[in-house]
Amino acid sequence: MEPIIEVRNLTKIFLSRGKKITAVDDVSFDVFNGEIFGMIGPNGAGKSTIFSMLTTLIKPTGGSIKVAGFDVGKEDDRIRPIIGIVPQKLSLYPDLTARENLELMGNLYDVPKPVMEERIDYYLKLVGLETHADRFTGGFSGGMKQRLSVICAVIHDPEIIFWDEPTTGLDPQTRQAIWKLARKFNGEGKTLIFTTHYMEEADKLSDRVAVMNLGKLVALDAPGILKEKSESANLEDVFIRLTGEEVRD
Amino acid sequence: MTIRTELKHSWIIMIKEFRQLFRKKALLVPLFLFPIIMIVFFGYGMGGTVKNAPILIVNDDTGTASGPLVQEIGSYTPKYGGNPMFSITYTKDMSQSEAESKIDAGLYKAVLLIPHDYSDRVAKNESTTLTLLTDSSDTTTSGIIINFMKQFLAKAGPVSLNIPKIYGDLEYLDFLTPAVIALTIFFGSVATTGSAIAGEKQDGTIVRILMTPVSKRSVILGKTLYQLILQLARAVILIFAAFAIMGFKMNGSWLLVALVLVIFTLGGVGLGIVMSAIADDMESFFQLNMLFTLPSMFVTGVFFPLSSIPDWMRYIAYLLPLTYANNAMRAIMIKGQGLNAISTDLIILSLFALITFTAGVRLFRREA
Chain A
1 MEPIIEVRNL TKIFLSRGKK ITAVDDVSFD VFNGEIFGMI GPNGAGKSTI FSMLTTLIKP
61 TGGSIKVAGF DVGKEDDRIR PIIGIVPQKL SLYPDLTARE NLELMGNLYD VPKPVMEERI
121 DYYLKLVGLE THADRFTGGF SGGMKQRLSV ICAVIHDPEI IFWDEPTTGL DPQTRQAIWK
181 LARKFNGEGK TLIFTTHYME EADKLSDRVA VMNLGKLVAL DAPGILKEKS ESANLEDVFI
241 RLTGEEVRD
Chain B
1001 MTIRTELKHS WIIMIKEFRQ LFRKKALLVP LFLFPIIMIV FFGYGMGGTV KNAPILIVND
1061 DTGTASGPLV QEIGSYTPKY GGNPMFSITY TKDMSQSEAE SKIDAGLYKA VLLIPHDYSD
1121 RVAKNESTTL TLLTDSSDTT TSGIIINFMK QFLAKAGPVS LNIPKIYGDL EYLDFLTPAV
1181 IALTIFFGSV ATTGSAIAGE KQDGTIVRIL MTPVSKRSVI LGKTLYQLIL QLARAVILIF
1241 AAFAIMGFKM NGSWLLVALV LVIFTLGGVG LGIVMSAIAD DMESFFQLNM LFTLPSMFVT
1301 GVFFPLSSIP DWMRYIAYLL PLTYANNAMR AIMIKGQGLN AISTDLIILS LFALITFTAG
1361 VRLFRREA
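Residue numbers (our numbering), protein chains in the order written: chain A, 1 to 249; chain B, 1001 to 1368.
Hints in this document: simulated from the structure, not taken from any laboratory.
Where hints are given, some of them may not hold.
25 Å max Cα-Cα, derived BS3-like pairs, lysine-lysine [claimed, not checked]:
no. : chain 1 : residue 1 : chain 2 : residue 2
1   : A       : K89       : B       : K1201
2   : A       : K113      : B       : K1223
3   : A       : K229      : A       : K216
4   : A       : K89       : B       : K1223
5   : A       : K59       : A       : K216
6   : A       : K190      : A       : K180
7   : A       : K59       : B       : K1201
8   : A       : K145      : A       : K190
9   : B       : K1216     : A       : K59
Bound-form chain A, shown alone:
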């Protein structure tokens, strides 16, 4: 398969009170076109930092990232239109309606108006929010916000979707709906990269899973192969074996 994201020797060092903290330490991997790529790791493993670098929000200290052939840090303007990001914070304007939030994002991505209107109606129906289109999102439940947040990220029809902890704090029904949505987008040919703390989610959803620990990539493979290699019954056991039992800050 062809890689759509190429990460080589990626390093990120932060300065905190005069001390250097290596959040990401010489990490290399590829994400293939059309796959669902999960990232797991304990707190402070470096997932969010990699996520921020892949999505052009922060610049790497060392190494390189290519997204769809474009260099992160040099060609960010070419990368942003082809990626969609579902942030962990739902980040919707509470005093705008669902439709207005979608229109805002569509407009920022320069989606032509007729196409945008068509997509808004389609996606609102897809996530079951069509009857709430003209309600302020401030009054939405967590699940409704999450569903809206997802479609805000795909209104410009991106090739790659970055999804930061897609189902944290959601009820099982909404979680199922979100997984279904993820598979639907993937079925349309979109590449999905997501981080999660839920091992079941990583197991069920991912084609391949990257396990991060203390800034390093400690394993990368299909969930089944990871389980087989470490002779574990489930991904949680694999995770504990690879990252240890120590509770992280």
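Given the coordinates of chain A, assemble chain B onto it according to the supplied hints.
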């Protein structure tokens, strides 16, 4: 649940709140400094007297009777002052129009013209008229000087005062309106820009916007344009209200007023961006905002003239951009002066806008 348990929970919550407060450094400093600043500025600022007001005495008296009079004016110290009320400059042979131009240029708050026959008339016990020109665009100082002179000269024998109105019949409202417009624009542009960004940082919406292909320059520009329209609209409403309800009279160019307000709004927006970049949340932003904007309200001569505040406070006023906006607005709206008269103010306000914007753009991070 027992009262004891409830009190224990309240105590835990209270300790938690204090702990959070002491970790918010950007909130902590202004929070404690603010009451001190308020006491100091209110205490001195609302004094309502005049200190060291620059006055020119044109003494054309050929005799000696005016000598003690001008000396007494020069050395007069108000009851609760400490400093002399006036800082006197003496001259002679100056026409009234020349004296008016000195006031117009802002060199003196008042000019007292003593006629050449003053001593003769006093000697003959005849009534005589002195001319007092005041900078009536500063209605408060002007009023205080006129009252003082009237009372003072009443004791000096049959002397009357001729007080020509250089800028027409002005009242406190005329003094207040231009500065209140500047103040409103300043408060509005800083607070609404800063609080909006701080709020968006807090709820994550700004990060979502910055994840799109939109550049941070576009985000800043969009917010700035919004502010320019909003603040100018507020200024129009305020001016309209002053006209319609209170009969305010405009003596200068609307175009210049707009120019001052646009430049000043840009500075306010820049300052709002800088403050929101420093503060982590809305609460910290509002405390920072008050630390800067409220002293501006009391020391920059919005409600009372700069000449009525102590020297050290005046130095602070000269560091605050609102002082220059007030100057420029009054020069245009009351005195009807042009670009030349406000050029220094415009340069300082432009520098303020340039510095705050440059800092704001640098501090406005994509990852917010």
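For each hint, the structure was consulted:
A C-alpha spacing of about 11 Å is found between A:K89 and B:K1201, which places the hinted pair at or below 25 Å, so the restraint holds. For the hint linking A:K113 to B:K1223, the alpha-carbon distance of about 23 Å falls within 25 Å, and the restraint holds. At most 25 Å may separate the alpha-carbon atoms for a hinted pair to count; A:K229 and A:K216 meet this at roughly 19 Å. Between the alpha carbons of A:K89 and B:K1223 the distance comes to roughly 23 Å, so the proposed pair stays at or under 25 Å and holds.
Proposed proximity of A:K59 and A:K216 is supported: the alpha carbons are some 18 Å apart, at most 25 Å. Only pairs whose Cα atoms come within 25 Å are accepted, and A:K190 paired with A:K180 is accepted, the gap being roughly 14 Å. For the hint pairing A:K59 with B:K1201, the CA-to-CA distance comes to about 20 Å; that is within 25 Å, so the pair holds. About 22 Å separates the Cα atoms of A:K145 and A:K190, which keeps this hinted pair within 25 Å; it holds.
Under the criterion of a C-alpha separation no larger than 25 Å, the hint pairing B:K1216 with A:K59 is consistent with the structure, at around 15 Å.
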